[in-house]
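If you're matching them up, the sequences are chains A and B in order.
Using my numbering, you'd call the opening residue of the first sequence number 606 and step up by one each time.
Using my numbering, you'd call the opening residue of the second sequence number 6 and step up by one each time.
No lab work stands behind these hints: they were computed from the structure.
Ideal placement from N, C-alpha and C gives every residue a C-beta, glycine not left out.
Treat the hints with care, as some may be off.
Said to hold, decoys possible - Computed Cβ-Cβ distance ranges for the label pairs, DEER-style:
1. G41/B to T873/A: 28 to 34 Å
2. N931/A to L47/B: 29 to 35 Å
3. Q52/B to N931/A: 19 to 25 Å
4. P60/B to R797/A: 19 to 25 Å
5. P60/B to Y608/A: 28 to 34 Å
6. R55/B to P894/A: 37 to 43 Å
7. G41/B to Y608/A: 47 to 53 Å
8. P82/B to P635/A: 48 to 54 Å
9. R55/B to E844/A: 28 to 34 Å
10. K899/A to G41/B: 55 to 61 Å
Claimed, not checked - Just a sample of chain B residues kept apart from chain A, beta carbon distances all over 12 Å, derived:
11. L78
12. L81
13. P82
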Amino acid sequence: MNYVIALIDVFGFVATIAALIFWIRGLKTPLARDVRIVIMLAVAATLVRNLANVLEWSHITFSFDPIEDNIELLLPIFWGFVVYAFLQDLDRKARADLNHALAMKNKKLQSVVYIASHDLRSPLVNIRGFSNELAAGCARLKELLERPHPDENIRDQIKVILSQELPESLGFIESGVTSMDRIIDGLLRLSRAGSEEVEIRPLDLNRLVLSIRQAVNFQIEQKNTVFTLGDLPPCMGDENQIAQVFSNLIDNALKYLDETRPGQITVTGWYEHDRAVYCVKDNGIGIAPADHEKVFEVFCRLRPDRSAPGEGLGLNIVSRILERHNGSIRLESELGRGSAFYVSLPKT
Amino acid sequence: MQAMSVHLPGGGKPFQRRGERVYQENEIIMLILSVGVLIFILIYRRQILRVPASPLLLAAFGTLVAASIFTILEGLPLGKLFKLLEHVLYALGSVLLACYVFQVFNRSGSS
Numbered sequence: 606m607n608y609v610i611a612l613i614d615v616f617g618f619v620a621t622i623a624a625l626i627f628w629i630r631g632l633k634t635p636l637a638r639d640v641r642i643v644i645m646l647a648v649a650a651t652l653v654r655n656l657a658n659v660l661e662w663s664h665i666t667f668s669f670d671p672i673e674d675n676i677e678l679l680l681p682i683f684w685g686f687v688v689y690a691f692l693q694d695l696d697r698k699a700r701a702d703l704n705h706a707l708a709m710k711n712k713k714l715q716s717v718v719y720i721a722s723h724d725l726r727s728p729l730v731n732i733r734g735f736s737n738e739l740a741a742g743c744a745r746l747k748e749l750l751e752r753p754h755p756d757e758n759i760r761d762q763i764k765v766i767l768s769q770e771l772p773e774s775l776g777f778i779e780s781g782v783t784s785m786d787r788i789i790d791g792l793l794r795l796s797r798a799g800s801e802e803v804e805i806r807p808l809d810l811n812r813l814v815l816s817i818r819q820a821v822n823f824q825i826e827q828k829n830t831v832f833t834l835g836d837l838p839p840c841m842g843d844e845n846q847i848a849q850v851f852s853n854l855i856d857n858a859l860k861y862l863d864e865t866r867p868g869q870i871t872v873t874g875w876y877e878h879d880r881a882v883y884c885v886k887d888n889g890i891g892i893a894p895a896d897h898e899k900v901f902e903v904f905c906r907l908r909p910d911r912s913a914p915g916e917g918l919g920l921n922i923v924s925r926i927l928e929r930h931n932g933s934i935r936l937e938s939e940l941g942r943g944s945a946f947y948v949s950l951p952k953t
Numbered sequence: 006m007q008a009m010s011v012h013l014p015g016g017g018k019p020f021q022r023r024g025e026r027v028y029q030e031n032e033i034i035m036l037i038l039s040v041g042v043l044i045f046i047l048i049y050r051r052q053i054l055r056v057p058a059s060p061l062l063l064a065a066f067g068t069l070v071a072a073s074i075f076t077i078l079e080g081l082p083l084g085k086l087f088k089l090l091e092h093v094l095y096a097l098g099s100v101l102l103a104c105y106v107f108q109v110f111n112r113s114g115s116s
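Working from the sequences, and respecting the hints, build out all of it.
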């Protein structure tokens, strides 16, 4: 029995020597310093304890019991330190991740504030300019009306001011106010997309997309478009928000159809591992590769001169909603040939 | 009171005869410390499961706790069996520790 135990002790000792070698070889690995040190202490304590065990069986006339006993006491302490150091390391990493996410959010927020203030400034400058025009027109009108004997010429001048100058200024002011209203409305929708409560549950995408299709039936017929709906697998998500995602994508597909050919919009879906993937594809005007990332930015309109209405928020809202659903969106598009948006969501 | 002690062949630890104390104080302290760490692990089990190669870490520590229990049980009848188990568990713990160190440093190195 004693020989068996001696053999086992030698085996344990060799194992700790191996542990020490692994530790030395791993010195350059990017582990936190405290984690590395406590692992070394645990390995060293185990090594000394096993060495004392092995030497017990030798014929050396020295009792190794005190060493073994004291080292034994240190073992659980060092193990406790190993666990604690790893927890600290995880905590540090979690904080670093959180800080990084916070910095990214801050950057996004700054970009939204910058773009919003930039976009609001332009109608504001118009409003200010035409308000001054309006004030000048009113002053001229007052001056003309205060003249004691208004002749035909003065009446003509008043007529021009009242029928042309003032309505023109008011028209520009109204247009500026409408533009600002649209931007502010868009900002509110953007804010709601990032803050609204999300109620995740299994969703029947066939029913959901069909109801969106019915809502845009008029535009589909007006644009003489063929809308094909495949069999869509269910996924997990908030019904209202996922409806908003598909509504925005289908709305965009309709908005940017190529008028020179009959429109085609196809919505299909399938499972990929633990994800449900949906594709909204059109044969519209397409997006140049250089703009593929840009289209998801806030207030991004690639063709602001075109008649398609909107503030350039649709795809940004889509990506924000998907981010909150642990989902993602990918774009494949070629200028002049159409676009395909791939939405990935957790499957049921 | 002076406790009577008997030495096991091959340099084993002293233990007391039946009816008297059958353990050494340092063994009890070690067990208490091990149980303390075990409680700490149980409290933070969720976070600890995220530690790299946590199953190996927990297995290595588990064998250490088991070995410390058998160290105390050495003083009871079937002492020889418990002594064998204690040494087997320490050796197994050492192997697991070696595997753990290898895994952790390898994984960190590759990431």
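Status of the stated non-contact between L78/B and chain A (beta carbon gap over 12 Å)
15 Å, holds
Taking 55 to 61 Å as the hint, is the beta-carbon distance of K899/A and G41/B inside that range?
58 Å, holds
P635/A and P82/B - C-beta distance against the hinted 48 to 54 Å
Because 52 Å falls inside the window, the suggested range holds.
In this structure, is the beta-carbon distance linking R55/B and E844/A contained in 28 to 34 Å?
This hint holds: roughly 33 Å between Cβ atoms.
Is it true that the C-beta distance of N931/A to L47/B lies inside 29 to 35 Å, as the hint says?
At roughly 30 Å between Cβ atoms, L47/B and N931/A fall inside 29 to 35 Å, so the hint holds.
At the C-beta level, are G41/B and T873/A separated by a distance inside 28 to 34 Å?
58 Å, violated
For the pair Q52/B and N931/A, does the Cβ-Cβ distance stay inside 19 to 25 Å?
22 Å, holds
Outcome of range test on Cβ distance (G41/B, Y608/A; 47 to 53 Å):
36 Å, violated
Closest CB-CB distance from P82/B to chain A, is it above 12 Å?
At about 16 Å from chain A, P82/B clears the 12 Å cut-off, so the statement holds.
Is it the case that L81/B keeps its Cβ farther than 12 Å from each residue Cβ in chain A?
Label holds. Min Cβ-Cβ 17 Å, cutoff 12 Å.
Are R55/B and P894/A spaced within 37 to 43 Å by their CB atoms?
The hinted range 37 to 43 Å holds for R55/B and P894/A, with Cβ atoms some 39 Å apart.
Honestly, do P60/B and R797/A meet the 19 to 25 Å range at C-beta?
Roughly 44 Å apart at Cβ, these two residues miss the hinted range, so it is violated.
Checked against the numbered hints given earlier, the structure breaks hints 1, 4 and 7 and satisfies all the rest.
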